[in-house]
Amino acid sequence: MLHIDNPILEFKDVSVSYTPGKNAVNQVSASIERNKITAIMGPSGCGKSTLLRAVNRMHELYPDIRITGEILIDNQNILTMNPMEVRRIAGMVFQRPNPFPTMSIYENVIAGYSLNGIRLSKKEKDELVETNLKNVGLWDEVKDALLKKGTFLSGGQQQRLCIARALALKPEVLLMDEPTSALDPIATNRIEELLLELKKDYTIVIVTHNMGQAARISDYSMFMYLGQLVEYDETQVMFTNPADSRTEEYLSGQFG
Amino acid sequence: MKDKIFRLLLMLSAALVLFICGGMVYSLVSGSLEAFGHFGFFKFITTAEWNPRPDQEEYGALSFIIGTLMTSFLALLFCIPFSISVALFTGEYFRGSKLSVIVSSVIELLAGIPSIVYGLWGFYALRPLMEQLNLSTQGFGILTASIVLAIMIIPYASSLSSEFISMVPKDLKEGAYSLGATRMEVIRHVILPNSGSGVFASYILALGRALGETMAVTMLIGNTENIPRSLSSTGNSMASIIANQFGESDGLKLSSLIAIGLLLFMITAVINFIGKLVISKFNKV
Ligand SMILES: Nc1ncnc2c1ncn2[C@@H]1O[C@H](COP(=O)(O)OP(=O)(O)OP(=O)(O)O)[C@@H](O)[C@H]1O
Ligand SMILES: [Mg+2]
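Protein chains in written order, with our numbering: chain A, 38 to 293; chain B, 996 to 1280.
The set of hints was computed from the structure by calculation and includes no laboratory data.
This one's a predicted model, so the numbers in the text were calculated from it and none came from an experiment.
A few chain B residues that face chain A, going by a derived Cβ cut-off under 10 Å, partial list only:
1) K1168
2) E1169
3) P1188
Yeah, the Cβ is synthetic: ideal placement off N, Cα and C, and Gly gets one too.
Generate coordinates for the entire structure from the input sequences, incorporating the hints supplied.
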């Protein structure tokens, strides 16, 4: 049985439905270990994105979506917090890189501040931009083009820019929904290395279709199927000795 | 073979459109030559005189150019806050909901109302109100016409800009929300900047419509041949003076009216050109 010592995030009986009577995520309970990488796997449509988006209260943007159960960040129910605050604590990186096309690279990195109307001095901004672009290994590539639009970058660079943008707000948790699925192997590789670096300071929850990726970078893995959390264990254990036959079938490539 | 015939047909219809446009410009130009020849182009557009007395005939377009620009831009000014609100309502806040569908269809209905109906409404409902409020004597004038014009162009501006606002990718909006932005901040920093050129185009279209609108303006502007000096003063617009006087005109006066038509055509073309220019600049950035 999996034991989580120091959870930063806890799901308690979380269900999410897009249409009444049909749960896209069904009664998921799990705790996420701090400063580790937790991978969420499962066949397409099993509810991975839906679960992830429940954490930063993204579903509230769409009035038809219903959520039951509780999600705690640092032992606090996210529903008792201001949604803007939840989203700053739990940053998100999306499947498709989405830098803001009307903003420069520089402005994209500090977008979390400017969007929220937080005023920073020029020096603070410069520092944020430099540290975070260095964090994602983009600084050397773009330091002479900071005032160009972020959309001029390659897909992999754009995704790293989006990670820098999320990191600039100093979140505690980084929620990543298939962040490398739109990228080539080299760009993917860079991001994987980056995540292993980042884990020192952040907790990462990453949805991935790529089992190799989960095996390479994650400490813990969840396997979801039809909205349910079928299996959750240390990645090593799950990959070598899955407890559920559905996990085994999925890992051996028989469906999904 | 079929392909060739089809291509030929397409080319013919394209040629026809060009031909019609060319013919229109030709007849406008040839019709206005007499007026421009008599007064000179520059003098014609800078003179506010409109005197049909046979022995001292003198015509200038200035009053009407000013009347048209004043009513149109004023209407645009009134229209912007309303249409932005409506566009955000249907394109963002209540996007896809029943409420938004209802509002959108009402707006489409408004866009389909013939301008004479707006004119009547303005004449019988708005004009007495303006009179009571002491905003103009008898209720006619620039302000009254502009308000009705604004109401007429709001549907155009809002339904089109709503399209552009709802086309802003979900990815971007969610990206901004995920950084802790509030709805207002998302609208200000993501939605409006990313739909800016489209929204701008909507206003250009609306302005174009206001510039050429005839019926409702004629019924409300007062139809006096002077430069409007204030919002409450009466005046006339280019389209309206033509509609009012072409039937009883010939010779130099008719030619002057045609010249005003040509000028109106040119102003509209310039406005459209500026619109396209700004849009292409926006898109490049
Ligand atoms: N906006 C939506 N409206 C209605 N149903 C939805 C919506 N988004 C997802 N669903 C449904 O909810 C279920 C879970 O979807 P979800 O996107 O969470 O799957 P996923 O595991 O992330 O899949 P993928 O690997 O393809 O991204 C699916 O059956 C899907 O059809
Ligand atoms: Mg998904």
